[in-house]
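*Asks:* Combine both chains into one complex, guided by the hints.
Chain order of the listed sequences is F and W. FYI, in this note's numbering the residues of the first sequence are 1 to 146. FYI, in this note's numbering the residues of the second sequence are 1001 to 1343.
Don't read these hints as lab results, they were simulated from the structure. Just so you know, even glycine gets a beta-carbon here, dropped at the ideal spot from N, CA and C.
With a straight-line Cα cutoff of 30 Å, these simulated BS3-like cross-link-like pairs (lysine-lysine) come out:
#, chain 1, residue 1, chain 2, residue 2
1, F, K141, W, K1205
2, W, K1188, W, K1127
3, F, K146, W, K1205
Every beta carbon over 12 Å from chain F, so not counted as near; a handful from chain W, in silico:
#, residue
4, K1041
5, E1073
6, K1074
7, R1079
8, H1108
9, K1132
10, Q1144
11, V1154
12, V1179
13, K1184
14, R1220
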Amino acid sequence: MPRRLTMAEEFEPRIVAFLCKWCSSAGSDLAGVSRMQYPPNVLPITVMCSGSVSPLYIFDAFNKGADGVLVSGCHPGDCHYIKGNYYARRRIALVNKLLEFIGLEPQRFRMSWVSAAEGIKYTQIISDFVADLKPLGPQTKLRRKK
Amino acid sequence: MVNVEDLRKEAKRILKEEKVKYIIGYARSQSGLMPVPVFIKTPEEADRLIWDPTCVHNLVKFLVDEKRRKSKEKKPDERPVGIVVKGCDSRAINVLLQEKYIDRENVHIIGVSCEKSGVIDEKKLTKKLKGKKIKSTEFDENGQIAAVTEDGKVKIPAEEVLAERCLECQANYPVIYDVLFGDKTKKKIDDPFKSLDKLESISEKERWDFWAQQLSKCIRCYACRSACPMCYCDECVVDTITFAVSADTTADEKAGKIKWVEKSPVSSENFVYHLVRAMHLAGRCIDCGECERVCPMDIPLRFLNKKLEKEAKKLFGYDAGFDPDTPSLVSSFKDEDPEDFIR
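Bound-form chain W, shown alone (with noise of 0.2 Å):
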């Protein structure tokens, strides 16, 4: 079990020894059940910092931020950043030391242990609790989550309210760490792809109809590539709108920018969009979850990068987020790849 109070001292003693520039954690908020992403500066504001079920986010997007805001600054600060992480969280980290995005120098990891539970899904708790006012919620040691609401307490079996990712979470605990809270207890996992298979075993023409019918909803707020830790290009290649203009730049010179994608969310161009965000995340999407819980479409994006990670599994072993020494999924090769396809 974590001790929201070891976290809390932890946290103290680092911000007054002034060993990081800050930490990013979770807090409660002012409003409702779930808390909200907090950036802690000084010894006296780490009480606030909490863990528990509800701890849902991925901070790690917030390392992005830090990256982008520093290369502004003409000093920065060069000491770290704390963070708190879970398992998914942490391989994040790892993705993005792989990739050179950040340095292990620039980030202190303050890991926490999902132990043999995971995070909940806000909709699937409300829905078991019949729209009650929850208070709060905590880990049970069965790992099984314990919500308080406003009848008392209530013991809720994990698999009915945990997110589906932590259904099929492969790294229960950080994998990367500088201090970790929590056990090392490995959760056992049948099948990390299990969601899959009833839309792999429908017909291609039912998987089409599914895919058109959900792809059809996305109004293109790009809330998904906003949540993403690993969507940290400068210039996105389905955004015309970012790509250099100078004042010499003509309204002819820029009518005849590359389009790849167009704006307007009709079907087409939204399954152009999603299957680029998909391939950009081959081998680096951690499951995380972020961008199908802040789709306000609903739109279960989840599954096309669960796919990916699935056949780079299958087809050439390769997990991402684990060891970030390894060469990448799409920037290595086996002589021995698969290419039974190939004519």
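The shape of chain F in the complex, shown without the other chains (with noise of 0.2 Å):
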């Protein structure tokens, strides 16, 4: 049995992140070895570039229920595709653009470079991303009435 929210207890939001395959889902996977703590919030899921995540993902994980999405890649020079990161950076940038423009809030979408051993970064950039998405409460704007 899931446990019931009740409200003496904190919202835990939910973040889906695209991780790529070759620096940042190795950063996350170098926090988990070295034991590093991090808040449990997040659904990462691997893909080979951040360049192939389409806005489609992006729109689709908020319509299915998430508090926050995070697009990370390689360093721009790092990607394991030459360019795919560059392709990525413009993308995003007119995701998170729109995001604004249709009023949802921005904390609640963001980006980062993570190289694989960047252990640490990734630690802190799921921290701060909950630490963000805490205050705001379920994101109810963009998911999906049952």
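*Replies:* What follows is the structure in structure tokens.
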């Protein structure tokens, strides 16, 4: 039985994180195997490249009830496919502006560069994200009503 | 000033010389003020062609249809198709050329200049003339619109009846053409994104309320998609029914297909649909305003596309539809693209 949320308990946001296989996913692995502590609110989805993240994935994550969405890739110049993260940077910038324009809280969507060696940075990004999402409460704007 | 007789003469000439298969243009309709798209196949019919401020449609959509039709023909007629285009429509052709959807030799572009004016918004004009029956409209040499009603000729300042997009137009004459009618006078625009100011200045919550109210009206008739010359995908991501289904496809397989967006017109699904459409048109939308014009629920869809047009210009210095030889917005990048939003 899943635990029911009582009023006294704090809201725990759910984050969907699209991590690229070569850097960010390895970075999150490093955080894990190094036993670094970070909030367990994130649902990581490994993708081959941050450039392969379609805007539809992001809208769909919000639609299926994500409270926040993170897209993370290699630092510029480090992409396994040479230029995938440059394409992502352009596309995600537009998604970011569009979500802001329709009135979604800008804190709910972010992008980061995390390399395979940056386990600490990854834990920091997730901790910051969770801290920013907690005061906002559940995301109901784009969520599908049951 | 565009002389319609010149336009008809040119149409007759190219049809007589059999240079084109047919000409897509505007013609007077049987009822009402607004014209209808027309397909002229013989020189005799060419007299039906018109050009006046009521020619609002973007006919480039028919080039997309033509390509589909041609691909099914066994022995297709390889001659080009003639098309009458305004400035905005010519940019749509440029985008199709840029994406290699059509070839330059498949289209004979007959450009008409809007000069200092533009096309009218039917609703605005009817409101302005308080419901009087309008027989015809014409361009005025000073960039004004002259409307002929049952009481005679009325001159109206253009900014009062022009379509919203024409007030922010960045190409009032065709940027690509084989033959051009009218002058290449550039209309002076102070701020091509002025209509966005109001929405951008209000708070995030008010913006959400605005869009939630507007998009919950959507009935998902997909008229915006059908009218858009850029929405030419054979399979649309929001249409689960267009997935390839063969005789061997089982019911289980059909049910298990990825369904990104539910078909039911509820707010959350409408948001996904319209956001996806906006993203798919980023750097491609040339602001012909057809989506908004055909919307039966009067949703201001143009704002979504206009916003991304503005960001493309501001962040990446990109203008859609001016140069068919440059790479498109999302299939190119620069080293100095902004990344201040990335952590």
